[in-house]
Every structure is written in structure tokens, then in C-alpha cells.
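**Student:** Each chain, letter by letter, is given below.
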Amino acid sequence: MAITQEAYNALESVVGSEFITNDPVLCEGYRSGPGGYESGTGYERVMTKLPKVVILPRTTEDVQKIVKICNRYLVAYLPYSTGFYGPRSHCHVENEVLIDMKRMRDFEIDDKHWYSTVQPGVTYSPLQAECLKRGGYVVVGGGGAQVSVVANMICDGWSPLSLRIGFPHRRILGLELVLPDGEILKMGSLAVHDDAFWGEGIGPDLRGMLRGYTGVLGCLGIVTKLALKVLPFQPEELVPTGISPNTGLALPTNRIKWLNFQVPSKEAETQVMYEIGRAEIAGAVTKVPLFWRAIAKAEGKEEFWDIWGLENEDTIKNFHIVRVLLIGFTSEAQMRYDEAVLDDIIKEVGGVMRRTKQIDQSWIKNADSAGMWLMCGAYVSTDYIIESIPHADTHGPSYANLKAQYTPPFMPDYGDPGWTMGCECGHQGYSEYLVYWDPDEDTNRVDQFYVETSKMNIRERYYTSLLGSHQPLYLTGPQYGPNYHDWLLKVKGEFDPLWICHPPLPLAHDEFVEKAEWMKEIKDWETPEKFPMPKW
Amino acid sequence: MENDRFDTPKKKVSFEVRDLSNFVYDMSRCIKCKGCYWVEHTYMPGIKFTTRCPSGTWKEFDSYQAAGKVRIGLAVADKKLDWTPKLLEVIYADPLCGACDVGCKRNLDLEIGLSLEALRIQAVKDGAGPMPAHKKIAQNITDTHNQFGSPHDNRKKWLDQGISVAEKADVLYFAGCSGSYTNPEIAQATGKILNASGTPFMVMKDEWCCGNALYSVGMIDEATELAKRNIEAVKASGAKTLVTSCAECYRMWKVDYPKMLDIATADLGFEVIHLLEFADKAIGNGSLKPTKEVDLRLTYHDACSVSRLCDAWRPWKGERGWMGTIEPRYQRRRGTEGLYSQPRNILNAIPGLTVVEMPRTRENAFCCGAGRGTKDAFPELASFSASQRLEEVKEVGAEALVTACPFCKNNFSQTSKANGEEVKVMDITEVILASL
Amino acid sequence: MNRLKNVTLDVRYDECLVVRQYSEVTASVNKKRRGARLEDKENERVHLKGGEQMSTKDDLASIVGESNVSDALEDLVGYSCDLSMHPPAMADAVVRPVTSEEILGVINWANRKNIPLIPVSSRTHFQGCTIPKQGGVVLDMVRMNKILEVDIYNRKVRIEAGVTWKQLTEELDKQDMRVIMPLLPHSERSVLTDWLEREVPTNTVYDYGEPMQSLEVVWPNGEIFRTGSASVKGYPEESKSKGTNPSGPGLDFYRFLQGAQGTMGIVTWLNLKIESKPKIDKILFAAIDDLGRAQEFLYRILPRRIGQEVLLLNNVELATILADKWPDDFEKLRATLPAWTLIVVVSGLVRRPEEKVAYEMEFLGEVLRNEFKDVVLTDNLPGFPGIGKKFMSLVRKPWPKEVYWKNQWQGAAHSLFFIAKPSATPLYVKIVKEIAEAHEYALEDLGMYIQPIEHNRACHMEFNFFYDPKSASEKALIKSLSIAAAKELLNNGAFFTRPYGDLAAINYERAAGYTSALKRVKKLFDPNNIMNPGNLCF
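Residue numbers (my numbering), protein chains in the order written: chain A, 1 to 536; chain B, 1001 to 1436; chain C, 2001 to 2538.
Treat each hint with caution, since some may be false.
As the list claims (entries may be wrong) - Think about it this way: if two alpha-carbon atoms lie no more than 20 angstroms apart in a straight line, the pair counts; the simulated SDA-like pairs of lysine to any residue are:
id, chain 1, residue 1, chain 2, residue 2
1, A, 297, B, 1395
2, A, 133, B, 1059
3, C, 2279, A, 278
4, C, 2430, C, 2493
5, C, 2433, C, 2490
6, C, 2487, C, 2470
7, A, 490, C, 2223
8, C, 2373, C, 2389
9, C, 2233, A, 65
10, C, 2233, A, 478
11, B, 1010, A, 442
12, A, 266, A, 352
13, C, 2233, A, 352
14, C, 2233, A, 458
15, A, 490, C, 2490
16, B, 1228, B, 1265
17, A, 112, B, 1047
18, B, 1059, A, 17
19, A, 133, B, 1329
20, A, 52, B, 1048
21, C, 2233, A, 486
22, C, 2174, A, 398
23, A, 112, C, 2282
24, C, 2487, A, 278
25, C, 2277, A, 278
26, C, 2282, C, 2223
27, A, 317, A, 262
None of these hints come from the bench; they were simulated from the model.
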């Protein structure tokens, strides 16, 4: 339905003419692709549209008014904080209002009670800077320090620093959500106080609506304020050094250091991660794909391929480097304790320490995801799941096996099993699988592979992060729960009966499969004749 | 490895800014990480002073950041957008400060800066650009060989100060339009510094505008002609080194002249240095002795053209193929050759000064907003940008703001006065002179 | 007809008392029943509106077997009251399923009949949640008491709802493992339910907070569902998942079940994190007069990750825990213990335990010497020899005695607890004391417990009001005092995440937006509102 002039005028009255536009040039700036996360795919080309109107609210009240006006005039809308998440955080229907929340940058931090309250326009980078000034830190999600804290906390949000804390959803405290119909729902202590210091419900906890491992991608309302836990760090300053592209934080090694260890086997890798968790030491432990090291070394794309070209299946199979971040939370003596315990563990597996630069170029302040696009120009993670260490052990390799059948167009990675790490002191393990390709090539098989991974997880009985709107809901729904999709659709139907908030999520991938010819040949699951949502 | 590769046809590409299609690859690979907009995360100071993109901070739609501009640029390249006033604003309300280029190149190999230059050239080609204010300046340059339309004969008036100029020397001082007309104090200070160091220098017999105001707004043909003329003039003088104390002139001579002529900076036929480089060396080798105390608490602003934008130019043409790899290899210009240590060495050598750093420094500096035609066509962006920077000056409690570019100096000075602030704005040449 | 075991352990709440009360309440309770009338205990006919003649017992027997259902008074009376002040109310029947499928059958039946179900998993109850407020059928999971799996490698355990603290701690002890736990839980409480109800652990050192992982639930609409990574088909035997992820799928279903007092579904089993047992423990005590100062000390040391268990108990509370002989020991302890005792357990873990204790003690020593000279934290509380050993013998186990520690003194205790910022706790003490005084509750009888949470970012604060359960006037006084205190505490920033009894109305009224959304979500899962109605805002 076209956005009427009346609707536009009403929206303009909320923010003023300076902060709303329907100019085609400015709207073009909000195109999803062609580059970006999960871009250069059929999903991005088929499913995303340009916004008809872009509006920049400043306050929760602004957002509420905008949403209510959209409800009145039957205008679809979606929340947008940085747009980094690729096509899924862009318009999917015509005549949609894109609510760009970058002006919402309120920020508070309570360093006595270790929490910070932010609006959606605050990204991790300034938050982490403020935390570090006060002897704290947050876990900057793997998406990068440039992502919105709110968006990341309600969608993804882990990194090797999750060793101690694990699940990001446990770091969410009180928050404020503008429901799809414009009513405001405050959760946690915000429900009764002006302070978001605590997140549990009064009785049942409605934070359950925000995400279910991964998030609902903004289709159940707009979070306009969120408090998150800050974790106590160590007191020494991490000094930024270097000139781009070689910047990093110089680590005061008496209180924090990265250590790289070469261990003899995959089993040894797992054992190191496991024992570190069980010993309750360290701040992070991770094993990254070998080509990430090549990215870090390379001065540019061509040099990357020089370095990478020297590798093969055998070198990958024999690459066992575990990275450990030790943090002297308590004292230098505790640092020495952690190092001694780590030394014991490494000796037990027959590992050796490798030379490690004491500069953090990633994870603490940066979480350098942008480098993922250096090699090929397009990238997506096809799973990022926290489960157990044994689950993680075989999960990555199962992706690698499937991916080999789709290479090319994927980048040759010689069966690299992806990124693993330990979480919650080894109570969980993590596996993330990343794929890369040149978006100028035929990407139909990229789209097919993406859904095939879901089928593989179902077949092999793995848990997966790509639930909800990330994959066809009618594919994953019956297989997990079972029928979690029924509940998700019920909740969606209850709180957004018009499906006005970021349509057609959570059925976006289902719709993509119906619209894209090349997806029909892989569709072997049942869907209803008509999806239970109105057409936009 | 061969089995996993596929047959990507190779495309001929070059970094020639006259052809926008050379940058379609770069614009289409933007990942919206907004490294072009934010202060680089390692150096992020906190919740204040988080951005280094003036246009994106001024108008907060994504479309005013490089992430939005490249998407718009692709539509321009595809001829999908008309040249409306809004499109011209997006393309021209931008000091082309290089923050986006350097920010992007921290992780990727995309030529964002060149894409933005190419877009302006395309605008002029299509008859849409530049902005009316720029056309007036272009006319001034044609008529009087300076941006201001001032009498050409007055260009050397700044020399009436007892400054000793040689007939012939290895060093040629290029005063530039600002130094000659609006900021003679900078040219005079420079002359005296050169004299004090015992370095004979000459000036051009007939100095014309460097053409920054032409190139920066996309009038590349006119700028190229001027470049050729100016280079010949320097060669004819026999100078081995051209020194300037204007950052914009510095960047034009060092980077954009070779770019327009498709040669490397190294092949210009003479060295181009900024006064910062000269003074740093001279203080280092003792030929310049800043001994007088200067009692001032100051902070230093890294002007864009002597920081992010001044990596020597290296042309490139070749082919792009598999996974976007190019042949032959190209060492990307990532802004690593900025003059960061030189001004700091100089200021630290001057007794009595207290030098404090702003939250955003070096390659993270927030542009003054005046350069590359911005102040002329979008004065409100220029004053907005300067105001943002002046907030940082206040934050660190500096009495004076020192820079190495007359555009910066003038814009900061005017904005500071308009805001009713009491910050002293000085060029670094004036500070050096005060200590001699 | 088999008699079910009388589930109420505390003999002060004996059957006689309830039977006497029963005859008084029966008439009013019967009036409240929806379309059902219980003629007498021999008459098993239940008449529904419309004149349809059904047998509840028969229906349920067909699902769970005759020996696992009863409508006999003596079997029902134990569920009609508990250790709270909630007035008694009778169920119509009690059923004891042993599988999720049986539970499903009961739920489907309840939906068809529009009869409430009251899930029960523990053998004792303190909050009134399991008293049938609108009649209905008690669904007691006493037979679902298996420890299904102890997975040492992944440090987790999978337990059914009926598994008690005693059962679990003894089993884990055998394998040198432990689960973090709240302060001295009742040995016959369901571990699963206590974690669902978000009891706060004494362990402050884990950033990851709650030990809950994935679970199985039977939704009130009649579906068996697994949450988190247990949702994988074929879990556990035929899936790669170990059930360690609590989150998802699609929504965080488990969140809806937390704090729900059994109103959102029946959880049949739960995966729980377990931890290695420390190899060395060093317990430290400090006598505290100034609570604010103690909090400053905790703000300083807890973010440095000092201590395993750290807690503050006032003299009354600690006396009730330590006293052996009643009332002599208690009175002596109450009179001589300091106003507050800070307890810090420093532990060495599985590797180099002595070195861990050493670095923590070194840090503590420096802080005490340089910044908190007035805090005397040592391995001994002067005047109380053996307190360390005694407390250590208690703190990682459920309460060992038959009479719960809070009930030893006067027979009953009413707990008022909430989440707070630690710096506000002295104010809350002041508020409660003023209100207690105004209600003529003796201040020297007030029990207080503060449990720091995760680096002291917040704390659980608990006030215990002791009373004689046989005294109606005392109950009335405590009730009035508690409501008044709750309102004032709420006005001053206290956050009641577990609004039992009277607290529900106070809090849900204040959080109108939250309440409205909660009701909408509840309706999705329980369209007929059969799941333990009358609790929270339902």
C-alpha cells in the first residue's frame, strides 16, 4: 500500500523535516546490497527493496508515535540500527518505512553495579571504550565493534570472550520494547522502576520474546533501550598503537596476554579447550580457521591468496593452533596462577607455545569482522551455535564436508572445519562455519547450500543457530521442539496481527524459497498452501 | 588449487578517475561496516567524539556516509538516478577528507576515495556539476590565476617583509593562493623559517593556483591543464624540492598532479614536501633552533591533506579476475604516510609549550570541513564540522588550536568567533616563528 | 484405594489442624468450584454443569493407573496447605504420573473438562503456589524422581522434576561434583523447581549465573516440547546435542517458565550445569556492624573474583542456622553473634588449588591492610569456635534436619525477598525496621540475609519474620507488616522478581504494561487457564 501524503505528513510531524525523507537519492543510500553480510546472494536480490521513507527518531516516544502512525495508515516498517546484518535488516516489501535509529545514542554506565544502559544507536566500540576506562569490558560480538549493541544483544553476540559468560541473552538486563502495535513493554526492573539494573521478569520472563538463541530480527517490535551486563576486567590500560591498517591495543602483559599454542592433534585442541574451562582459568580460548591468520598477515587480497595458495588439505588437517587470552582479573599473582595451570595443560597434550604478538587487533576493542570480506568479496556464517564441546567437535567438519560439494563457487578452504571455542568455562563449546564466494559468480548454489545446511543439521541431529527467520521456518519448525514454529507464529500473530513490523519475517526465507526458481529443486518439505500472514 | 578455481573472465581496470566504471567493483563491495564513518575502533575514545565522517555526522542519513554514497554511486554509474539538487548535495557536501578511504582500507582493498572523486568528475562530465560557487571559483582561476579573483599582480605582496629570496635555489617555496592573499602571515612565517634555517629558497616566477579548487570539484580537464603548466614551471626553475605550507597545495602537487598525468609521485621530477617535513628535519639536524619560550597550552589538528590523503601516488592499470584479485600487484595507499610525527616533534622541541592531544588524532582526526570545495558551496557543513572539532579543543582545555593548513585555520577561526569562543587558532609556522 | 504419602513434613502443620479447618472451609470452597460438587468422600460422583455425570478419578485412572490417582481426603489434605500463610484450599483429586505422556494425557483431559491442574514437584512448599486456589487436580510428580544422566565430561546433569536436593547432592557427591545452590534449601524441595523459580545461589563467582540448560515441558495446551538444544529430534540418545544450550528454539521458551509458579507449563526434566568440587576451602568470617561498610568491601573484592560462596547473615538468621539445642543455643547465639556476619569461602579448584587460595588470600590481605582496616576478616569468628567447620558442613548441602531451619524457632517464618542494589540495603533495613516497629514486631526477632550476585552487581535481600503458625493474630500481623514493607521497599527501588502471594497484586498493578503483555502470552500457551490459576496475575 503506497504511503499517502497524510501518512508522510504525520510522520514528519514526529521528527521534523530534517529527519525524514522520501527522496529517491537518499533512499538509494539504504539499499541492502550489493555488498555486505549475506549479500551477493539470491536472498538479497530477491527479497530486499529500497525503503520508500527513511525516518530518524531520537527518543522512544518518537519510535512509538512512528509505529502508531504506521499502524493507522497500514504502512509496513522495520527497525534499522546500523544495517550491518545484511539483507535481513533491510526492507523486504515495497512502500516500507525504514526507521533508522542512529540518532538514539543515549548512554549510561554504572561502574559500581557493572551495567550500561544504551539506546540502539550506540555501537560496541564506544561502549567498550567507556567500559575499559572503568576497569570493565563487554563481549564485543563477532559481528564487530561497529554493530549496534542493542541489535547484537537481541540477535547474536558472542566471541571468544564468552569463555566466562557464554550466552549473550544472559547479559541482557532491563529493557524497553515498542510492540508492533505501538504499545510500550518494559521488561526487568524497568517495568516498575526507572532503572534497568535487573532483567528478570516479575514472575515469568518476557525476555523470552526477544530471541531464541538467535534473534527474531526485529519482527516482534523495536527495542529502544537496553541495559546489559558489564564484566569486571583488569585495571591496566590497553594503549591503542599503530597506524591503520596495523592498529591494535598494546597489552600490559603483567595483567593480560594472548598466547598461541601449537598442539599435535584435533583431539589435543579439544582437550586444551576443555581443560581450560574445567580449570576455570583464562578469559578466552579459541581455535580459528587457518585462513583468518592469513588475512591477519596479508597486506592485501592478492597477498592473502599467495599465503593461502601454499595450503592444502594436509596442512589444514595438521593445523592445530589454540589461542588463549589470559586476564589477570584479580592480580598479577592470579595471572601467574593461570599461566602455570595453562602450562600444565599444554604440557599434558604435548603442545608448544608459539611466538605471539602482545597486541590485540581483534576481540577486545575491535572484533574485526570486516576482514572476512577481504578474500572473495562476499561472506556469510552458516551457523554459529553454542552447544557442547563434543557437538562442536563434529559440527564444523560436517559443514566442511557438505561445503566441498559446493566448491566452487565457494572459496577453496581445503576442508577447514571453521571456528571453535569454549564457553561458560567449558560447559559449552562453540562452532561457527563461515563461507566465502565471489558475488559476481553464479550464486544460486550459495542459496541452495545455505538451506542444505539446515537439512544437514536436521538429518545429523545437530542444534543450530539458524532457526526462526534465518531459514525456512516450515523446514526447521517441525524438526525442533517439535513445532517451535507454531509458537513463534502464535506470538507473532498475537502481538503483530497485521504483520506490519518487518514483514514478512519470520516467514521471509520461506517466501524466498517460493519466489526463487532455483530454490524449487531443493524444496522437499511441506508448507501450507497459504502462509498465515497478510500480503504486503 | 586449480580445480577449485573457476574461470572468471578478466576485466581491464585502472584507477583512472575519469572513468567511473573503474570503481564499480569497489562501490559494489562495500559491506556497510561503516569503518568509513566511525573513528577506528582501536582508537575509539568513548561515547563522545565517535565519528570521523563530517558529512555523515552533519546529516545523519546513511546516504551522507560513504556506505550510502557508494550505493548511490552505483546507481549513478548505472544511470538509474537523475542529477537532482539532492544528488549533487550528497556528492558535493563532503570535504573528501579521506576518513572513509582509510577507514575502509583498514580491512579491505576498496578505493573509496577515488570512487568519490570519480563521482564528481562524472557530475561535471554530465553537465550537472560542479556547484555554482565552484564555477565562480573556477572562473576566478581562469581570470586571475587564484581562487579569490584578486589581482594576480598582488600575488607576491607577502614578500614585502624583509624575507630573503634567492634568484635560484634547490628549494622552491610554493606559497599558494591562501598564503599569497588571505593568509600572508603563513607565507611570511614560512619565508622567515626558511631564512632562519639558512636554506636558500626561490619562489615561482609566475605562481598560479595549484588547481585544488578545480580538481576537487571534478573539473579534471581544467585541473590537468593547470597541473601541466605548473609542473613545467617548476622544472624550468631547476628546483629539486618544492615546499609548501598549505596542506591542500601539498596534496595537489604530491598526489593529484601525478594522478591526473598518470605518473607516479616519484616521477614528477622534483620532491614535494610540506613545511612540516622541512622543519622537523631542520630541527633534527640543528639548522633550525627554536629557543624562545612560547607559553601556550595548545592542541594540534591533523589536517586531512597532510595525514590521510598524502600517500604518494602510484598509478595502476591491469586486470581484475578471480575473487577480485588484480594483476599486476598494487601496494594500496592506506594513509600510512601521513605527517603525524613531524608536527609533534616540532611542537615538542619548542620550549614552554604544553601540547595536549584531542580525543581524535592522526588518521582519526575530524576534518575541519572546509576543504575540497566544501566551504564555498556548503558553508553550513564547514561550520558544523569545525564546531565539532572545537568541542574537542574545549574538552582538552587547550587555549590554542594549531594546524598546518590555511583552510583549516580560517574555518576554525571564523567558526570559533561565530560561536563566541575564545580559542586562538594558529598555523604551525606561526608557532615555530614565535620560538625563533 | 491407596493412601498417598502425606506430603507435608512439618508436623506443626499436621493433618488434624487442616482437617479441623477443612470442615470450615469446605462449604465456601465448594461454592467456588466451577460446576463441580463433591458430595462426600465416599461419593465419587462429580456433577458438572449441564448435568453430565463423569468420574474424575476414573478418567485420571485411565491415564495414570488406578493406584496413582486419589480423591480421598487424607490424600488431598496434604496439598491443601503448606508452610506459607496462604489459607488452605482443597483439590478435587491428586494424580501421580510417571511419564511426560501421562502428564500430556492429564493436561488434555483438564482442557476438555476445564479443570485446573496444580503441578507439584517438591515434598514441601513455602510460598503457597501449590495450594489449589480454584480447586482442580494436583499433579504430583513425586514418581518422576530419576536422575536421568550425570555427564561428568560436559559437567551437567539431567534430572526429573521430582528429584530433590538431598537426592541430587548425594549422587553428585559420589562423583566429586556439585551443583551450586541457594542457601540451605529444604532437602525435599525439587531442584528443578527451585531453579525454575530462580532461587539465588550462594556462589557469586560464575559470570554465567543460572545453571539451567535445556528442558522438557508439557505445555498447558497439550504439547510435549523440548527447549534449547534438547529440541533436536531424537534427543538425547539419537542426537549430537547434549542439551547444554537453554536458549531457543526460535524463542527463549524457558524464560516463560521461570518464575511462573507452575502457571505456564509442567516441566518434566531439566539439564543443569554442575561444577567440580573445590579441592580446598578456606572459610573466612568478619563481624560487621555497619552494613554499608560491608557492602563497600564487597563492591571492592567481588569484582576481583574473590570467593566461591559469599554471603551476609544477621545474627538472628545465623543463629537459626547454627543452633543445635533449642531454644538455649539459639538465644545465646542470637545475643552474642555480631549484628551481621560476612562469610567468604575461598576455594582452590581442580588444578593447583593451594596456589589459587594463596593468590586470593594475598589479594584480600592487601585490600584489608590498605583500604579496609576496620574489616577483620579471618578464618575465625571470635567467640564462636568451630563455626567455620560447622558452616562448611552445611553450606553445600540441603538442610539436614527434619524441621527446616527457618521454622525451628517459632514454627514458621514468612520470607520477604527481592533483588536490590547492594548499596541500597542499609536503607531497606531501615525501612523494614521502621515498619516492623510500627507493627510491634520486635526488631531483635528480625532475620536478614543478603546474597551478593555476580560481582555484587546486585543482591538478593531477604527479611524473615518468625511467627507461631497457630496464632491467627501473629499471622495477621506478619501479613500486614509484610505488605506494608513490600510497598515501601518497592517505592524505594526494590525489585520483586518472585511475587509470591500478596506481592503479586502489588507488583502487577504497578507494572501494568508488563502484566498486560504477560497475560497475552499466557493465553497463547494456556487458552483455558487451567494451569495453576490464581497465582501471579492469572
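**Student:** So, for every hint listed, does it hold in this structure?
**Tutor:** Right, here's what the structure says about each hint:
A C-alpha spacing of about 37 angstroms is found between residue 297 of chain A and residue 1395 of chain B, which places the hinted pair above 20 angstroms, so the restraint is violated. For the proposed pair residue 133 of chain A and residue 1059 of chain B, the alpha carbon gap of about 30 angstroms is over 20 angstroms, so the pair is violated. Our distance criterion of 20 angstroms between C-alpha atoms is met by residue 2279 of chain C and residue 278 of chain A, whose separation comes to about 13 angstroms. As the CA atoms of residue 2430 of chain C and residue 2493 of chain C are separated by approximately 14 angstroms, the hinted pair is consistent with the 20 angstroms bound.
Pair hint residue 2433 of chain C plus residue 2490 of chain C holds up; C-alpha atoms about 15 angstroms apart against a cutoff of 20 angstroms. Of the supplied pair hints, the one linking residue 2487 of chain C and residue 2470 of chain C is violated, its CA atoms being roughly 26 angstroms apart against a limit of 20 angstroms. With a CA separation close to 14 angstroms, the supplied pair residue 490 of chain A and residue 2223 of chain C stays within the 20 angstroms bound. Proposed proximity of residue 2373 of chain C and residue 2389 of chain C is contradicted: the alpha carbons are some 26 angstroms apart, above 20 angstroms.
Distance restraint check for residue 2233 of chain C and residue 65 of chain A: the Cα-Cα separation of roughly 43 angstroms exceeds the 20 angstroms cut-off, and the hinted pair is therefore not satisfied. Distance restraint check for residue 2233 of chain C and residue 478 of chain A: the Cα-Cα separation of roughly 9 angstroms lies within the 20 angstroms cut-off, and the hinted pair is therefore satisfied. For the hint pairing residue 1010 of chain B with residue 442 of chain A, the CA-to-CA distance comes to about 16 angstroms; that is within 20 angstroms, so the pair holds. This hinted pair checks out: residue 266 of chain A and residue 352 of chain A have alpha carbons roughly 14 angstroms apart, not beyond 20 angstroms.
Between the alpha carbons of residue 2233 of chain C and residue 352 of chain A the distance comes to roughly 41 angstroms, so the proposed pair goes past 20 angstroms and is violated. For the proposed pair residue 2233 of chain C and residue 458 of chain A, the alpha carbon gap of about 8 angstroms is at most 20 angstroms, so the pair holds. In summary, the hint linking residue 490 of chain A to residue 2490 of chain C is not supported, as the alpha carbons are separated by about 34 angstroms, beyond the 20 angstroms threshold. Between residue 1228 of chain B and residue 1265 of chain B, the direct Cα distance comes to roughly 14 angstroms. Compliance with the 20 angstroms bound is thereby established for this hinted pair.
A hinted pair counts as satisfied when its Cα atoms are at most 20 angstroms apart, and residue 112 of chain A with residue 1047 of chain B qualifies at roughly 19 angstroms. Annotation: proposed proximity of residue 1059 of chain B to residue 17 of chain A holds, straight-line Cα distance about 12 angstroms (limit 20 angstroms). Straight-line distance between C-alpha atoms of residue 133 of chain A and residue 1329 of chain B comes to about 42 angstroms, which puts the hinted pair past the 20 angstroms bound. Using a Cα cut-off of 20 angstroms, the hinted pair residue 52 of chain A and residue 1048 of chain B is violated, with the two alpha carbons roughly 32 angstroms apart.
A hinted pair counts as satisfied when its Cα atoms are at most 20 angstroms apart, and residue 2233 of chain C with residue 486 of chain A qualifies at roughly 16 angstroms. Pair hint residue 2174 of chain C plus residue 398 of chain A does not hold up; C-alpha atoms about 37 angstroms apart against a cutoff of 20 angstroms. Among the hinted pairs, residue 112 of chain A with residue 2282 of chain C is inconsistent with the structure: their alpha-carbon atoms are about 27 angstroms apart, more than 20 angstroms. Between residue 2487 of chain C and residue 278 of chain A, the direct Cα distance comes to roughly 44 angstroms. Violation of the 20 angstroms bound is thereby established for this hinted pair.
Of the pairs offered as hints, the one joining residue 2277 of chain C and residue 278 of chain A holds, with about 11 angstroms between alpha carbons and a cut-off of 20 angstroms not exceeded. Taking the CA atoms of residue 2282 of chain C and residue 2223 of chain C, the gap is about 48 angstroms. The hint is violated against a cut of 20 angstroms. Our distance criterion of 20 angstroms between C-alpha atoms is met by residue 317 of chain A and residue 262 of chain A, whose separation comes to about 13 angstroms.
In summary, the structure is inconsistent with hints 1, 2, 6, 8, 9, 13, 15, 19, 20, 22, 23, 24, 26 from the numbered list given earlier, while agreeing with the others.
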